[in-house]
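Protein chains in written order, with full-length UniProt numbering: chain A, 1 to 309; chain B, 1 to 426.
Any given hint could turn out to be false.
[As the list claims (entries may be wrong)] Derived DSS-like pairs: lysine-lysine, alpha-carbon spacing no greater than 30 Å straight-line:
1) Lys148(A) / Lys178(A)
2) Lys177(A) / Lys286(B)
3) Lys194(A) / Lys286(B)
4) Lys4(A) / Lys204(B)
5) Lys211(A) / Lys4(A)
[What the hints assert, rightly or not] Covered stretches of chain A (chain B as the covering partner; in silico rule of three or more C-beta atoms under 8 Å from a C-beta of chain B):
6) 105 to 117
7) 131 to 139
8) 189 to 198
No lab work stands behind these hints, which were simulated from the structure alone.
All C-beta atoms, glycine included, are put in the ideal place defined by N, C-alpha and C.
The primary structure of each chain is shown beneath.
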Amino acid sequence: MPRKDLLDIVSLEREEIDHLLDQAVPFKELFTRSVKKVPALKGKSVLTLFYEPSTRTLSSFEVAANRLSADVTNFAVASSSIVKGESVRETVETLQAMRTDYIIVRHSRSGLPSTIARMTKASVINAGDGAHAHPTQALLDAFTIKEKFPDPTGKRVLIVGDILHSRVARSTSTILKKLGVEVAYLGPGSLVPKVGPENVQRFTNYEEAMKWKPDVVYLLRVQMERQDVQYFPSVREYHRLYGVTEERLRRIDGDGLYIMHPGPVNRGVELCDGVLDYSRSLINDQVENGIAVRMAVLYWLKPGGEVIG
Amino acid sequence: MSLLIRNARIASEDSATLREGDVLVEGGIIRSIGKGLSAPEGAKVIEANGRLVMPAMFDAHVHFREPGQEAKETIATGTEAAINGGITGIVMMPNTKPAIDSAPVVRMVLDSAAKNSRIPVYTSGCITKDRAGKELAGIDGMRGLGVKMLTDDGDSVADPAVLLRAMQYASEFGMFFASHCEVPELAGPRALNEGVVSYRLGIKGTPAAAEEIIIDRDIRLAHAAGAHIHIQHVSSKIGMETIRWWKQRGDVKVTAEVAPHHLLFTEEDIGDFDTHYKMNPPLRTKADTEALLQGLIEGVFDLIATDHAPHTPFEKSQDFVSAPNGITGLETALVSLYHYFVATGKFGWDLVVKRYSAEPRRMMGLEPVPVEEGRPADLILFDTEAETTFSLDFMKSKSRNTPFFDKTLKGRVDLVVLGDQILLER
Ligand SMILES: [Zn+2]
Numbered sequence: 001m002p003r004k005d006l007l008d009i010v011s012l013e014r015e016e017i018d019h020l021l022d023q024a025v026p027f028k029e030l031f032t033r034s035v036k037k038v039p040a041l042k043g044k045s046v047l048t049l050f051y052e053p054s055t056r057t058l059s060s061f062e063v064a065a066n067r068l069s070a071d072v073t074n075f076a077v078a079s080s081s082i083v084k085g086e087s088v089r090e091t092v093e094t095l096q097a098m099r100t101d102y103i104i105v106r107h108s109r110s111g112l113p114s115t116i117a118r119m120t121k122a123s124v125i126n127a128g129d130g131a132h133a134h135p136t137q138a139l140l141d142a143f144t145i146k147e148k149f150p151d152p153t154g155k156r157v158l159i160v161g162d163i164l165h166s167r168v169a170r171s172t173s174t175i176l177k178k179l180g181v182e183v184a185y186l187g188p189g190s191l192v193p194k195v196g197p198e199n200v201q202r203f204t205n206y207e208e209a210m211k212w213k214p215d216v217v218y219l220l221r222v223q224m225e226r227q228d229v230q231y232f233p234s235v236r237e238y239h240r241l242y243g244v245t246e247e248r249l250r251r252i253d254g255d256g257l258y259i260m261h262p263g264p265v266n267r268g269v270e271l272c273d274g275v276l277d278y279s280r281s282l283i284n285d286q287v288e289n290g291i292a293v294r295m296a297v298l299y300w301l302k303p304g305g306e307v308i309g
Numbered sequence: 001m002s003l004l005i006r007n008a009r010i011a012s013e014d015s016a017t018l019r020e021g022d023v024l025v026e027g028g029i030i031r032s033i034g035k036g037l038s039a040p041e042g043a044k045v046i047e048a049n050g051r052l053v054m055p056a057m058f059d060a061h062v063h064f065r066e067p068g069q070e071a072k073e074t075i076a077t078g079t080e081a082a083i084n085g086g087i088t089g090i091v092m093m094p095n096t097k098p099a100i101d102s103a104p105v106v107r108m109v110l111d112s113a114a115k116n117s118r119i120p121v122y123t124s125g126c127i128t129k130d131r132a133g134k135e136l137a138g139i140d141g142m143r144g145l146g147v148k149m150l151t152d153d154g155d156s157v158a159d160p161a162v163l164l165r166a167m168q169y170a171s172e173f174g175m176f177f178a179s180h181c182e183v184p185e186l187a188g189p190r191a192l193n194e195g196v197v198s199y200r201l202g203i204k205g206t207p208a209a210a211e212e213i214i215i216d217r218d219i220r221l222a223h224a225a226g227a228h229i230h231i232q233h234v235s236s237k238i239g240m241e242t243i244r245w246w247k248q249r250g251d252v253k254v255t256a257e258v259a260p261h262h263l264l265f266t267e268e269d270i271g272d273f274d275t276h277y278k279m280n281p282p283l284r285t286k287a288d289t290e291a292l293l294q295g296l297i298e299g300v301f302d303l304i305a306t307d308h309a310p311h312t313p314f315e316k317s318q319d320f321v322s323a324p325n326g327i328t329g330l331e332t333a334l335v336s337l338y339h340y341f342v343a344t345g346k347f348g349w350d351l352v353v354k355r356y357s358a359e360p361r362r363m364m365g366l367e368p369v370p371v372e373e374g375r376p377a378d379l380i381l382f383d384t385e386a387e388t389t390f391s392l393d394f395m396k397s398k399s400r401n402t403p404f405f406d407k408t409l410k411g412r413v414d415l416v417v418l419g420d421q422i423l424l425e426r
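Produce the complete structure using the sequences and hints provided.
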């Protein structure tokens, strides 16, 4: 049963996740051909509504929609992070009048895509809302891990950094748990909630976390701008305590671990410079897989549902 | 008007068992109670068939948005909603626009109530001008118009020195203080509890400690000032325990209230950003609701009050962070207390009468209204077998921001009598 919207990972069934990840495989194979386009969404209109700047995610969605032959429009919106309900409703009504089939929305406010989804018949894809969810990132992360571990059950992923403010940590850990992967968080005590999700180990010490023997070290971008109060003393201290330093990179290499990062990387903060040449870095795979996964999502959703309220 | 209610069961605050009998009301007074009473000439006769007669409820914590935000609620619509829920007296909170912080605004509110309301309306007054927490409000002028309760509800008085001085000053006039308890620096976008749900939804929550700190602080200040402090809408277990501890000491006059929604719902009910569960203080955990219920049964909470907080459908249809805090409660309170607690044997009708009718009146310096011979008629008839659907047709409030909207619960208010007026008959 296809859905109208993709708002989070929590509400996805295991079968739906498997279906989307399977569907992304042929889309990815398409990239190696000379003609990279299929006519699947010919005549459909896709609108991107990004209240928060993100060149990477925005262009990934644009490329995905283009390869499905959809018409893509970027709806210019004010970069203001505070948006009154009134202007959101007006915007959605405008989009509705333009007979948009898909709305891809990113906003700094948790829950805003859900609000929009209730107002429109178009399919809404959450491209990241506040600290809540980033479902396509989670799908591409799961896809990337499955390329290395076709049966990921029992594999271990250590997510490092600002867990509290990270929608990537929430969505990616949720999808990984649904796939049977063990997840642990590592970060400063002020940024790794004690009452968080179930079945996620919590570490605040790098050495202890490594004794847990992860298969993948997933580094989050340190986002100072999200922090309303100081959560740790300095970026330098953060790098020393939780970053992948040169020495730690050598040990990670020796243990055969993979490194992931949703990008863009703060070099010298989450990671030392040397990571760019690291042979088991999956950071570029994540970018490429993002397009295939987003194609699968667009192809799967069915616009035209009931509008509530 | 003469009214004879036949074959009723009568609830009171001092007895868990219901008395059976007929109730005769004449000239606004309960003339007699007994079996086989005969109806005087021209009397209206209602066959109760075992329905309950009990004192009408009194809600000591409501927000009528007049003056300033009449699109949400007015004194006229708010008091009709109260009657619809079996309530014949309310205390308004002063966070209107302008705030009720001086004699002229109090007079404006009381004038409107005199014109537009069929039940008595009492108003509280602000502690500080415009609820800004800096300068004291026009305390004596408000007292002169009958204001007894002072509160900056919606916010705590952040500066303890301001609150202590206000307490020392106003207690001498016989006024008491009601506290909304919240450390502003610990409050998130004032939307939800800091815990599993705030984590899942990615919204900064407000830890229970933000409330507990101020509960303790304000009682300590009242203790120092010799003031009567009333703690509003307690939502946390430790908050309840703090109040219990202070009450057991016995050297400060402290009362407290709990709202039905804090007894009924938890943070989990927020689900996928449902703004009908967004309120302040926020819904907390199962452990908290269980402790609050225990606190109500033990008497740590002197009264039940709804914190009736109407908002327009448009406002509540915004995203979770933008939507305002609060739900309506006047029309659903009594029926929901019956449906979830009395009908399930958690507590008896005596508790409902004591906590939602008698005690709030006493706190306001009013006489309770027991169904007894010689007392003024201020009573309701309640059907425990019937149901109520909180549909658009049913609701008299201008707003319908309640989790019970369009839902059906057991129990129905069939009759509201105040003096020699029948205010509602179903
Ligand atoms: Zn309040």
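Out of the numbered hints, which ones does the structure contradict? Result: hint 5 breaks, nothing else.
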